Amino acid sequence: MNSILDIESPQLVVLNGDLIAGEATYLENSTAYFDLIVAPLVERGIPWASTYGNHDSNFNLSRAALFERENSYPLSLTQLISLPEDAGITNFYLPVYPSDSSSNTPALMLWFFDSRGGKKFQVPSSAEDVGIPEVVHDSAIAWFKETSVRIAANYDKIIPSLAFFHIPPSTTVELQSQGVDPSKEPGINDDIPVGAQEGDESFVSAILNTPGLLATFSGHDHGNDWCYKWTGEKVHASESKMGLFHCFGRHSGYGGYGDWVRGSREILMKEDSLFEEIETWIRLEDGSISGSVVLNATYGKDSYPVVER
Amino acid sequence: MAFKIHRAVFILVALFTTFISFWLYLKLFLRFSDGEISQTGDAGSSAAEDIPLHSSKDLTLRFNEDGTFRIVIFEDLHYGEGTDIVM
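Quick note, the sequences are listed as chains X and A, same order. Every letter in the first sequence is one number past the one before it in numbering that gives the first Met the number 0, and letter 296, counting from 1, is 295. Every letter in the second sequence is one number past the one before it in numbering that gives the first Met the number 0, and letter 33, counting from 1, is 32.
Note that these hints are calculated values from the structure, not bench results. Treat the hints loosely; a few may be bogus.
Claimed, not checked - Looking from chain A toward chain X, a few residues come up when the C-beta cut is under 7 Å (computed):
{"no.": "1", "residue": "L60"}
{"no.": "2", "residue": "R61"}
{"no.": "3", "residue": "E64"}
{"no.": "4", "residue": "F68"}
{"no.": "5", "residue": "R69"}
{"no.": "6", "residue": "D75"}
{"no.": "7", "residue": "Y78"}
{"no.": "8", "residue": "E80"}
Said to hold, decoys possible - If the Cβ cut is set under 7 Å, some of the chain X residues that face chain A in the computed set are:
{"no.": "9", "residue": "L14"}
{"no.": "10", "residue": "I19"}
{"no.": "11", "residue": "P97"}
{"no.": "12", "residue": "K119"}
{"no.": "13", "residue": "H250"}
{"no.": "14", "residue": "S251"}
{"no.": "15", "residue": "G254"}
{"no.": "16", "residue": "G286"}
Bear in mind that the values here come from a model prediction, so they are computed numbers and not experimental data. Heads up, the beta-carbon is just placed ideally off N, CA and C, and yes, glycines get one too.
Please take these sequences and the hints and turn them into a complete structure.
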């Protein structure tokens, strides 16, 4: 994290799930790891927002305790909204305002979803209902649909947006089965099949039918970091000239399976071309760049160097 | 004669011990006065506990003056776990 932050200068860091391996921690200090995670961000004064992953819930680690620890940091922008307990924690949005400080209309909205999963806190593994479904909860989907409509009405315009959640949508499984083109959708593609959300038809439908949503980002599959353009008749087309995309990030941690070079996904948004393109790349721990692409109308047709590691 | 020697050695040891004790006390008092040691006794905090938890920074997210907004995503950190243990 330090080596990447020494190179990149983000206005926001997204911690996109599986921050702590709850199955490997003790009850007494399981959330204390969060202090270590954010120390490089606190040192640099960089704000962050989190989604929690399936490993962030286990017998000795609860999402509620993790949020309580996170919420003690003023640099944390993670919000807790009023939803049923089963919806998890990290369902919220953040507005990004224009460079013109006199404008009160957000130029970009960032949505965060809790794709849940893992095991219930302090429930023995022998219990039948110890597992938590790996899918965004219906109440969070309803909140998202209602809130996005309300925001558009309040500002009388469609505001471009991005979304972040830990476990990818099931559509990635279908896309991968059709073949990920290493030169047109560059990235490592070693986790086959993709581990994805289960029973996420409602969530996928909400994503596909939200005007202004430009791209979604997930982790979970350490061996995948490609981007693809969502296709299908349901994809909204009115505002965006570029389409709707989904990108995996890069495994960032020293814990977890796999020996791919650690790194992080970078996103560069430009105020004057929000509905036209997004620049994104993987910054590896050694400082090099991998899989640099432009998500635009011709993504999927343009050729890029093949990613080898 | 031997008794006088033993007495002199005893006095010297006692004086030396008193001097060392006074010196250590004085050193500790000066560090306390300079604020180097917390008055709450929290002198052994870890690096994590030393992280400042409060900031006066304006956290409103806004595009830079050059019209860009940059995000870095870190994911799958798995703190608390070694590599290649579990998925």
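Against the structure, the hints:
Hint on A:L60 holds. Least Cβ distance to chain X is approximately 4 Å, under the 7 Å limit. Checking A:R61 against chain X by beta carbon gives a least distance of about 5 Å; that is within 7 Å, so the hint holds. Hint status for A:E64: holds, given a least beta-carbon distance of 5 Å to chain X, under 7 Å. Taking 7 Å as the C-beta contact cut-off toward chain X, the hint placing A:F68 at the interface holds, the least distance being around 4 Å.
Because the beta carbon of A:R69 sits about 5 Å from the nearest beta carbon in chain X, less than 7 Å, this interface hint is met. Given hint, A:D75 at the interface with chain X, holds; its Cβ is 5 Å from that chain's nearest Cβ, closer than 7 Å. The interface hint given for A:Y78 holds, since its Cβ lies 4 Å from the closest Cβ of chain X, which is under the 7 Å cut-off. The closest approach between the C-beta of A:E80 and any C-beta of chain X is roughly 3 Å, which is under the 7 Å cut-off, so the hint is satisfied.
The closest approach between the C-beta of X:L14 and any C-beta of chain A is roughly 6 Å, which is under the 7 Å cut-off, so the hint is satisfied. Interface hint status for X:I19: upheld, as the beta-carbon distance to the closest one in chain A is roughly 5 Å, under 7 Å. Contact between X:P97 and chain A, as hinted, is supported at the beta carbon level, the nearest pair being about 6 Å apart and thus within 7 Å. Using the Cβ-Cβ criterion of 7 Å, the hint placing X:K119 at the interface with chain A is not satisfied: the shortest such distance is roughly 18 Å.
This hint holds: X:H250 has a C-beta 5 Å from the nearest C-beta of chain A, less than the 7 Å allowed. Evaluation of the X:S251 hint against chain A yields a held restraint, the C-beta minimum of about 4 Å falling below 7 Å. Restraint check, X:G254 versus chain A: the minimum CB separation of about 3 Å is within 7 Å; hint holds. For X:G286, the suggested interface contact is broken, since its CB lies about 14 Å from the closest CB of chain A, more than 7 Å.
Checked against the numbered hints above, the structure breaks hints 12 and 16 and satisfies the rest.
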